[in-house]
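Residue numbers (the working numbering), protein chains in the order written: chain A, 1 to 325; chain B, 1 to 374; chain C, 1 to 353.
Worth flagging that the hints you see were computed from the coordinates, not collected in a lab.
Mixed in with the good hints, there may be bad ones.
No farther apart than 25 angstroms at their CA atoms in a straight line, the calculated lysine to aspartate or glutamate pairs in the DMTMM-like style are these [said to hold, decoys possible]: (1) K134/A to E32/C; (2) K141/C to D165/C; (3) K97/C to E217/A; (4) K213/C to E112/B; (5) K164/C to D312/A; (6) K35/B to D165/C; (7) K213/C to D357/B; (8) K213/C to E352/B; (9) K50/C to D165/C; (10) K349/C to E112/B; (11) K213/C to E85/B; (12) K35/B to D312/A; (13) K218/B to E347/C; (14) K151/B to E165/B; (15) K141/A to E32/C; (16) K218/B to E158/B; (17) K213/C to D113/C; (18) K106/C to E222/A; (19) K164/C to D104/A; (20) K141/A to D33/C; (21) K213/C to E291/B; (22) K213/C to E146/B; (23) K235/A to E32/C; (24) K213/C to E155/B; (25) K97/C to E221/A; (26) K213/C to E279/B; (27) K35/B to E222/A; (28) K101/C to E221/A; (29) K140/C to D319/A; (30) K97/C to D140/A; (31) K106/C to E221/A; (32) K132/B to E112/B; (33) K50/C to E165/B.
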Amino acid sequence: MVQFILRRTVGALVTLFLIGAATFFLFVAAPSDYASLACGKDCSPQRLEEIREALGLNLPIAQQFWDFMSGIVTGRDFPDGHCPAPCLGESFYSGDFVWSTIKDRFPLTLSLTVGAAVVFLVIGLGTGMLSAYKRGSVVDKTATGASMVLSSFQIYFLGPIALLIFVYSTGWMEDPHYVPITEDPVGWLIGLSLPMIVMATIFTAQYTRMARSSLIEQLAEEHVRTAKAKGMSQKYVFFRYAWRGSLIPIVTVFGIDLSSLLGGAVVTELTFSLQGIGRLAVDGAVNKDLPLTMGVMLVGAFAILLLNILTDITYAWIDPRIRLS
Amino acid sequence: MKEDLVLPAPREAATDSPGEPLLQVEGLVKHFPVKGGFPIRRTVGAVQAVDGIDLSVHVGESFGLVGESGCGKSTTGRLITRLMEPTGGKISYRGKDITRASRKQLAPVRSEIQMIFQDPYSSLNPRQTVGKIISGPMEINGIEPEGGRDKRVRELLETVGLNPEHFNRFPHEFSGGQRQRIGVARALALNPKLIVADEPVSALDVSIQAQVVNLLQKVQKELGIAFLFIAHDLAVVRHFSQRVAVMYLGKIIEVGDRDSIYTRPRHPYTHALLSAVPEVNLGDGETGGRERIRLAGDVPSPINPPSGCRFRTRCWKAQDKCAAEEPPLIQISGNREGHLTACHFPEEPTIEARDEDIVLDPALAALEEAAAED
Amino acid sequence: MTTLTKTEDAPAPAGPESFLSVRDLSVRFSTEDGVVKAVDGLSFDVERGKTLGIVGESGSGKSVTNLTILGLHNPRTTTIDGEIILEGKELVTATEKEMEKLRGNKAAMIFQDPLTALSPYYTVGRQIAEPFMKHTGASKKAGWERAVEMLGKVGIPNPKERAKDYPHQFSGGMRQRAMIAMALICDPDLLIADEPTTALDVTVQAQILDLLKDLQREFGTAIVFITHDLGVIADMADDIMVMYAGSAVERGTTNEVLRSPQHPYTWGLLNSMPRLDSDLSAALSPIPGTPPSLLNVPSGCRFHPRCTFQDRVGGNRCVTERPLLAPDRSSACHLTADQKRTIFVEEIKPSLG
């Protein structure tokens, strides 16, 4: 098991490097030149050269790449000061250190994704279980029907409607905003609950259906029948035997969904005008801000890879066949 | 019930005379690598699925291969039909070495060696009609029989006891036994000389099994096709095969004509295997004349098989020599011509009941001892 | 329903010894394709401490019958008629709570494939201990100790350590032993064994069959043993019931059914099965055709489309009239007793070699 985690970690580091390289070279290969954009319309060749030099764009591409990558580990010195490790460079656009910008924005995105995940896992899996347990009942039919409708919505559709109803017309909720959880947990929850719920809605429906079908499949397994045949109660069989096995496909899909969850966060942030990583990614792309884009990409990839390793550890925890092989 | 087989027109005069080896296998080895280790995954061991077996199948002969799970009998079948690449050893067909033959070199031989699989449900393409399935091999090999492929398919359907009108039906419209007949028809399409049948009846119901066994027997006798018949059911193998080899953990431990193996076995494992077969005693009196041997535990893993004789860990006659020295497969004294046994301390050639049962299973021994004391 | 419309089986008076009585049991499933008549008008008895062997091919209803006894069918899609009486208690109408108390306690079950029948997520020891804790109220520790003891009894070497293993760490034979330990841990009066050795190798099968017999002698358990293998049934059973297409076609003691069978289907089974001592010059004589679909069972005698002795019964009776199966030794066939005897002695027996 330890070997397995180590192997996965090494793999993740290699993946991060490759993602960094791919982003970097794709950006460099793009036809537009940041220096000439920054220089403006009446740009003199000297001015252009100065900007190039200031941004380090005059150096060979390999050198630029090396400076960037080594900066992550050792830190870097810029004309306007030292950028401590992990240094993701300096934004072309704002001149701020990328890492400190990301550090400021990341907690919002993390709050949003984790909050939404908790909401849709609890509600989605709970409803799915209830549906499977009371299969064929009114509860089941309602839940199945509702999840069909909800899963066809989109965040950019649901978001404005929710804003309109709960914030602008009724005033039941505050306009979504971010307060760090460390400062004011209640304020944090109140500020973000609407975007969290909107984001979770789309996923809830999917997890309801998945939990239901996975459980129904498990209930037909032979080992579940054996548990019943030895006199275990219906509840015990359901929660100890069927539920455990049904988690495997759910964890698998959750692992795959992690990246779409981040994508969902970008859309949510834009919809609710929140200043998170998603916003930053869009800004970086629009402004052709290479260091910022690379920073966001790498941090995002790091988060996804980390969560994927956690997913694999969860598998091992659920299934001894994986743990002990 | 009588099954009237309509046989296809006689094939071109066979140049083979019965008795000459059609297929010869020498020192055949198949090891599956086991991966592991850190940080770089490498081969850390091998599943010794088949570990140096010799056998020969003669023209028109039916040769049976029996053994329990993990003994390598199915792997052997797949190696001979070249569905798997052997790790070592030599396979010759009509004296020609085909072990490493390329696809192209193999093509003419492939049409002469056909395979029938265990599962009639998954070995037929569900999206093809029966006609297409059976004519497939002819198409691939570019064979245009006299009167066309369709006519040949109809003939074949009739040969295997199916209605030729069902040409355009799909596999799911047939029952398990009928599907296995389709598998047989497909195998016959190219006039093979050798059919490797891997557990061809074990997925079928008892009453259907006999239908397929009879069909195979008829095909074997009337078309003169040699069979390598692989099965775990000793009674079915006995019924079908003239010569039989018993496999255990990747080795042939005993081989001989049917009568030698079933009534005069020498290897302790063959004795144990035969005595384990549950039988209907149709005699009128209380005969119960067979020996009773109950081994302990299951077959060990083929990843790290025991040294020397592989059966020694479950054998009641094992001594130090068995661990140190692998017994050769030879004609030990008292064996008939062609009856080879790989054992240092062979058993008497009889399956009659012994004075005392051999019960190695500790739970059985304990329970039976307790019952005897009462 | 009046008794006049009953098609089969005059109810047998339950003897003092019989503690499981099944009376006129019918099991139907509704499926997308229609109603499957899995079991139709089945009656049988099992005596305390004895083994009843139920033999039949796939779709004969043998497994369904036994799932129904423990109430393990899917209640949503299944309709059950008739009576199942275990020690005077009616089980068809029993509540789920009552059935829970009975399962694994008074009546236990072992299944065909011990790999899929054991949960991969829990240790073998825990799975064995669970029914003991549930039915006796024993503590976790006492349950575990009892599980280890049972594992030792069924021949798992080093049971203390092996109890901590998961099923996938056991070999096939050991898994089935663990299943047996789990089934016998509460010392049940009835054990239902559904093809318990079909997935095992022949040398392991022999060990498991003997183990079941030895344990039965010690625990005094009655066994309903379901199999398709006549050899296994000959080895295990005191009495045999042969099933075909959802109903019983022949019953009697093991000796009676195997040595002087009366039903053409039993003849067919014996004739189509190669034996280690059968005559090799004779070809097997299979039963023609295939088993019927239970969506659409044949009229009259269910076996008539595959039966080669129909013409010896006068008129059209085999097609129109369903033959009855009497309690005790009998076969559900319109041939007369004399015909059955002479056909077997003169035509069937010689070909069995």
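Hint check results:
| no. | hint | verdict |
| --- | --- | --- |
| 1 | K134/A to E32/C | holds, 21 angstroms |
| 2 | K141/C to D165/C | holds, 17 angstroms |
| 3 | K97/C to E217/A | holds, 24 angstroms |
| 4 | K213/C to E112/B | violated, 49 angstroms |
| 5 | K164/C to D312/A | holds, 24 angstroms |
| 6 | K35/B to D165/C | holds, 23 angstroms |
| 7 | K213/C to D357/B | holds, 16 angstroms |
| 8 | K213/C to E352/B | holds, 23 angstroms |
| 9 | K50/C to D165/C | violated, 34 angstroms |
| 10 | K349/C to E112/B | violated, 41 angstroms |
| 11 | K213/C to E85/B | violated, 45 angstroms |
| 12 | K35/B to D312/A | holds, 20 angstroms |
| 13 | K218/B to E347/C | holds, 23 angstroms |
| 14 | K151/B to E165/B | holds, 11 angstroms |
| 15 | K141/A to E32/C | holds, 19 angstroms |
| 16 | K218/B to E158/B | holds, 13 angstroms |
| 17 | K213/C to D113/C | holds, 20 angstroms |
| 18 | K106/C to E222/A | holds, 21 angstroms |
| 19 | K164/C to D104/A | violated, 49 angstroms |
| 20 | K141/A to D33/C | holds, 23 angstroms |
| 21 | K213/C to E291/B | holds, 18 angstroms |
| 22 | K213/C to E146/B | violated, 61 angstroms |
| 23 | K235/A to E32/C | violated, 29 angstroms |
| 24 | K213/C to E155/B | violated, 52 angstroms |
| 25 | K97/C to E221/A | holds, 22 angstroms |
| 26 | K213/C to E279/B | holds, 16 angstroms |
| 27 | K35/B to E222/A | violated, 31 angstroms |
| 28 | K101/C to E221/A | holds, 22 angstroms |
| 29 | K140/C to D319/A | holds, 22 angstroms |
| 30 | K97/C to D140/A | holds, 24 angstroms |
| 31 | K106/C to E221/A | holds, 24 angstroms |
| 32 | K132/B to E112/B | holds, 20 angstroms |
| 33 | K50/C to E165/B | violated, 52 angstroms |
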